[in-house]
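Participant: Next come the chains, spelled out residue by residue.
Protein chains: 2
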Amino acid sequence: MSDTRWLNQVAWDEQGLVPAIAQDYESGEVLMFAWMNREALEQTAASGEAVYWSRSRRKLWHKGEESGHIQRVHELRIDCDNDVVLLRIEQVGGIACHTGRRSCFFQKYLTDEGWQTVDGVLKDPAAIYGKAKQDGEHNHD
Amino acid sequence: MSDTRWLNQVAWDEQGLVPAIAQDYESGEVLMFAWMNREALEQTAASGEAVYWSRSRRKLWHKGEESGHIQRVHELRIDCDNDVVLLRIEQVGGIACHTGRRSCFFQKYLTDEGWQTVDGVLKDPAAIYGKAKQDGEHNHD
Numbered sequence: 001m002s003d004t005r006w007l008n009q010v011a012w013d014e015q016g017l018v019p020a021i022a023q024d025y026e027s028g029e030v031l032m033f034a035w036m037n038r039e040a041l042e043q044t045a046a047s048g049e050a051v052y053w054s055r056s057r058r059k060l061w062h063k064g065e066e067s068g069h070i071q072r073v074h075e076l077r078i079d080c081d082n083d084v085v086l087l088r089i090e091q092v093g094g095i096a097c098h099t100g101r102r103s104c105f106f107q108k109y110l111t112d113e114g115w116q117t118v119d120g121v122l123k124d125p126a127a128i129y130g131k132a133k134q135d136g137e138h139n140h141d
Numbered sequence: 001m002s003d004t005r006w007l008n009q010v011a012w013d014e015q016g017l018v019p020a021i022a023q024d025y026e027s028g029e030v031l032m033f034a035w036m037n038r039e040a041l042e043q044t045a046a047s048g049e050a051v052y053w054s055r056s057r058r059k060l061w062h063k064g065e066e067s068g069h070i071q072r073v074h075e076l077r078i079d080c081d082n083d084v085v086l087l088r089i090e091q092v093g094g095i096a097c098h099t100g101r102r103s104c105f106f107q108k109y110l111t112d113e114g115w116q117t118v119d120g121v122l123k124d125p126a127a128i129y130g131k132a133k134q135d136g137e138h139n140h141d
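Same order as they appear, the protein sequences are chains A and B. So that you can map any letter, position 74 of the first sequence is 74 in the UniProt record's numbering, and since no number is skipped, the others follow by simple counting. So that you can map any letter, position 61 of the second sequence is 61 in the UniProt record's numbering, and since no number is skipped, the others follow by simple counting.
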């Protein structure tokens, strides 16, 4: 589609964003949640790799740009209200979370115990991003 | 956990909400996306059935309260930033979307065609909610 009708059809919120859910295209695991602005969604569709909008850094964020853990988009969907995007992706490197875990949803609620970490770290974030980066601010990549 | 530490640990946004993703606990399908406030999350954990916060109606919304399509919660997770909740649920009636479809994410992006509806209606919404309701405002249940 050379025109931009499909981008206009998205019900962007007052900040010009939509929530985006990234799901493994094969296993169905929900790997992460992020936000997209119009440019991020356009670049995602054009490149076939997930591009988000980092609200904390206020810039486009090509997922995996530092870690190499890019996300290849197999399918892009939108919900009934046109205000949430679902990406069915292939997670390169098998790690979506900046903590070095496969999925960002590694904490499970247990009655009487609250949120408990139930999934392990697959790779030390220091090895993924380098020590210097780890000493700095929260890493989203 | 009789105390409310786990609720305090959630990074509620400036409106006191967190995004919530509902996923089929067996197939992994992402069925819908909604929001929760503190009370909604507390009731969800206590009752074992999904309770959301309806931003449009500004009230708690026990999913399925009108349709009967409640969501039985098998697992409740939270992400690395404590600001997104994932519910692994059993969708009673097999229909999560107010359009009568299994999932709200029934529109797929196709190059040159934009968003296209690719999943069918399983049950007429008029039969789910009754004719009167359908003539009214957008139905979230």
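FYI, nobody ran anything at the bench for these hints, they're computed from the structure. Careful, some of the hints might be misleading.
Here are some chain A residues pointing at chain B (derived, C-beta under 8 angstroms) [unchecked claim]:
{"#": "1", "residue": "F33"}
{"#": "2", "residue": "A45"}
{"#": "3", "residue": "R57"}
{"#": "4", "residue": "L122"}
{"#": "5", "residue": "K123"}
{"#": "6", "residue": "D124"}
{"#": "7", "residue": "P125"}
Because the structure is a prediction, the values reported are computed rather than measured. Where a beta carbon is used, it is the ideal one built from N, C-alpha and C, also for glycine.
Participant: I'd like to know which numbered hints this structure contradicts. Please list them from smallest to largest.
Facilitator: 3, 4, 5, 6, 7
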